[in-house]
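One-letter residues, chain by chain:
There are 2 protein chains.
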Amino acid sequence: MSVPGFELLATDGAARRGRLSTPHGDVETPAFMPVGTQGTVKSLTPADLRESGAQIVLANTYHLFLRPGHELVSALGGLHRFMAWDGPILTDSGGFQVFSLAKLRKLSEEGASFRSPIDGSPRMLTPELSIAIQQALGSDVVMPLDECLAYPATREATEASLALTLRWAARCRTAHRNGSKPGTALFGIVQGGVYEDLRRRAVDDTVALGLEGYAIGGMAVGEPKSALLDLTELVAGLLPRDRPRYLMGVGKPEDLVEAVSRGVDMFDCVLPTRNARNGQAFTPDGPITIKQARYTRDPEPLSSECPCYACRNFSRAYLRHLFMAEELLAYRLLSLHNVTFFFGLVAAMREAIAAGAFQALKTRFFARYGV
Amino acid sequence: MSVPGFELLATDGAARRGRLSTPHGDVETPAFMPVGTQGTVKSLTPADLRESGAQIVLANTYHLFLRPGHELVSALGGLHRFMAWDGPILTDSGGFQVFSLAKLRKLSEEGASFRSPIDGSPRMLTPELSIAIQQALGSDVVMPLDECLAYPATREATEASLALTLRWAARCRTAHRNGSKPGTALFGIVQGGVYEDLRRRAVDDTVALGLEGYAIGGMAVGEPKSALLDLTELVAGLLPRDRPRYLMGVGKPEDLVEAVSRGVDMFDCVLPTRNARNGQAFTPDGPITIKQARYTRDPEPLSSECPCYACRNFSRAYLRHLFMAEELLAYRLLSLHNVTFFFGLVAAMREAIAAGAFQALKTRFFARYGV
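Sequence lines, in order, name chains L and F. Using numbering that gives the first Met the number 0, read the first sequence as starting at 0 and increasing by one per residue. Using numbering that gives the first Met the number 0, read the second sequence as starting at 0 and increasing by one per residue.
Simulated from the structure, these hints should not be mistaken for laboratory data.
Derived coverage of chain F by chain L (criterion: at least 3 residues anywhere in the stretch with Cβ under 8 Å from a Cβ of chain L; other residues may be distant):
1. 35–43
2. 80–86
3. 290–299
4. 306–316
5. 324–336
Okay, derived cross-link-like pairs now, DSS-like style, lysine-lysine, Cα gap no bigger than 30 Å in a straight line:
6. F/Lys251 / F/Lys224
7. F/Lys290 / L/Lys102
8. F/Lys41 / F/Lys102
9. L/Lys41 / F/Lys41
10. F/Lys102 / L/Lys290
11. F/Lys290 / L/Lys41
12. L/Lys224 / L/Lys41
13. F/Lys41 / L/Lys290
The beta carbon of each residue, even a glycine, is placed where N, CA and C say it ideally should be.
Using the sequences and the hints, build the whole thing.
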């Protein structure tokens with residue numbers, strides 16, 4: 000199979016065990032991608048990421064475009080060398096951040112104009128520029144610029160937005176085909192909000208572009224959990240079997256398990272690192288909030304089953320002390336633990352699917368995790 | 000030689016190469032102690048410290064007394080287990096912090112009363128309590144409570160303060176002899192401000208207590224650099240040859256070299272970690288300020304001779320980007336680099352003294368470092 004390729008190794012119900020090939024190595028799926036927003040997964044080194052089980056890192060085009068700038072990263076040898084991560088990198092398009100973070104945003108057929116929150120400079124992100132930035136960064140998996148609607152949105156607004164996203168996707172495809180290194184993948188993004196028929200149309204029209212993988216976008220933006228799961232099941236069921244499926248911005252451990260059971264292969268989320276900095280640690284028995292007084296004298300590790308450095312060396316009491324004292328090491332150790340938990344969870348799912356035991360794992364997970 | 004012991008292995012001029020034995024292992028001197036104020040050397044793990052060349056860590060009695068409390072640390076097996084550092088730990092007495100950080104401080108013969116900045120609670124630190132806290136923490140090298148005068152201080156105030164410090168030292172000695180584990184050292188602290196005759200008296204009266212090592216206190220508190228060096232030379236020259244000499248709170252790389260050339264064996268300072276968090280990196284060619292625009296596109300590491308993880312993997316341009324973006328990883332990587340630099344500097348001094356080449360090292364250091 001040519002690079003970039005996706006090999007479906009096993010299925011168990013709708014759950015899939017696969018392998019995505021990229022110029023910087025393979026990604027075993029289901030896979031979770033930690034988010035390295037500004038060219039760093041916050042507080043962690045590439046060595047930490049490797050040791051904790053990361054296979055691929057997501058980087059944010061919007062942030063790197065604004066600072067330090069993709070030309071600078073490119074001049075220094077690309078993002079892999081810049082951040083010293085030699086594994087695969089998926090870059091988002093910048094669209095989601097323009098719609099959620101940028102000021103004075105203005106949308107046109109051409110693209111999205113906005114002002115940089117860093118220096119106030121006027122900026123314009125077009126489908127072509129988004130691809131050019133991702134190419135300059137040296138991304139292995141490129142995402143097309145799409146419009147991300149807030150939830151809730153009317154059917155009319157969603158339909159117009161989907162049409163624009165599809166026109167932009169075609170422009171992104173052209174830009175990608177003309178300028179990307181061999182083996183670099185471009186994924187499509189299926190939008191369509193909470194409207195089933197729009198999602199169906201989005202799948203048809205996006206798949207018609209013949210891309211290397213397909214993402215489910217516009218989820219985890221405030222819609223009910225049932226809508227997330229139902230729409231994921233619907234879209235995953237319509238997507239081609241021989242391409243990877245990526246549920247963007249998801250999510251909680253329980254969401255990962257539910258989505259894998261519906262046929263999703265890839266995930267990204269800031270949850271493990273962001274929540275770590277807020278004092279939340281994920282465990283097989285559910286998340287714990289380390290600042291709670293109950294952990295003041297707790298000699299146990301965050302999780303006795305966890306292989307991470309934090310769990311091998313430190314008590315909850317110590318981690319709570321660090322957190323209460325606002326010590327930088329608290330954020331680092333909790334981040335390391337949380338990404339280790341997420342990578343362990345997807346690794347367990349991979350193993351279960353290969354063994355035809357996914358349903359048992361899912362049942363066991365929920366019995367303990369207690370959602 | 001019994002534990003705690005100090006073995007003088009070699010001398011070169013006034014510079015000394017020695018070995019301090021503690022219940023948690025040996026410390027090769029000259030040695031630099033990183034400061035683990037709240038039970039953590041900020042942003043670094045014990046594994047980082049080991050890898051960067053740390054032999055002994057300093058912990059602050061004042062901070063750990065207030066949070067999480069020494070009883071809690073003791074109940075969890077002591078500070079070594081709490082912070083997962085199995086090497087030697089030196090604890091200060093808490094005195095310096097009471098005099099520099101605490102509010103509503105009131106001094107009496109009995110001790111120093113103050114209010115906790117954390118919860119406003121009234122506290123009283125006596126010589127006996129300081130020793131009891133350090134014993135509860137499981138310190139390997141215990142420091143006696145002393146009064147730390149601000150600079151400048153009158154001769155009269157300095158003399159009265161010295162007398163109090165000496166009375167407290169005797170009380171600390173009694174408390175230490177009555178309650179410390181075998182092998183635990185108690186050092187004396189030589190005060191006396193900038194007055195030579197008071198420093199001489201302080202040496203005589205402190206050494207008369209027959210302690211396991213001697214610190215030079217009340218330095219680096221604002222006095223001129225010449226006074227620091229002259230008084231260090233004076234006091235080091237008077238202290239017993241067969242005991243380690245510790246210059247408290249010092250200092251800059253150039254201060255370490257100057258003080259070793261005057262017979263000092265041990266140092267501690269927050270400089271490498273605090274300045275890292277302010278963007279300063281130490282190199283053989285002098286410190287650099289990573290946020291400067293000149294490093295924007297600099298592909299070189301902080302120091303091409305440095306063996307640390309940051310220098311092996313990252314450019315100045317990347318580290319500058321992290322720092323400008325206020326990424327936690329910036330503080331961690333600069334901290335790791337800076338402690339590596341300090342440990343490398345004392346290691347080079349140890350080697351030079353053993354080889355009878357200290358003066359050549361000192362000349363070379365200053366020619367490059369450019370102070």
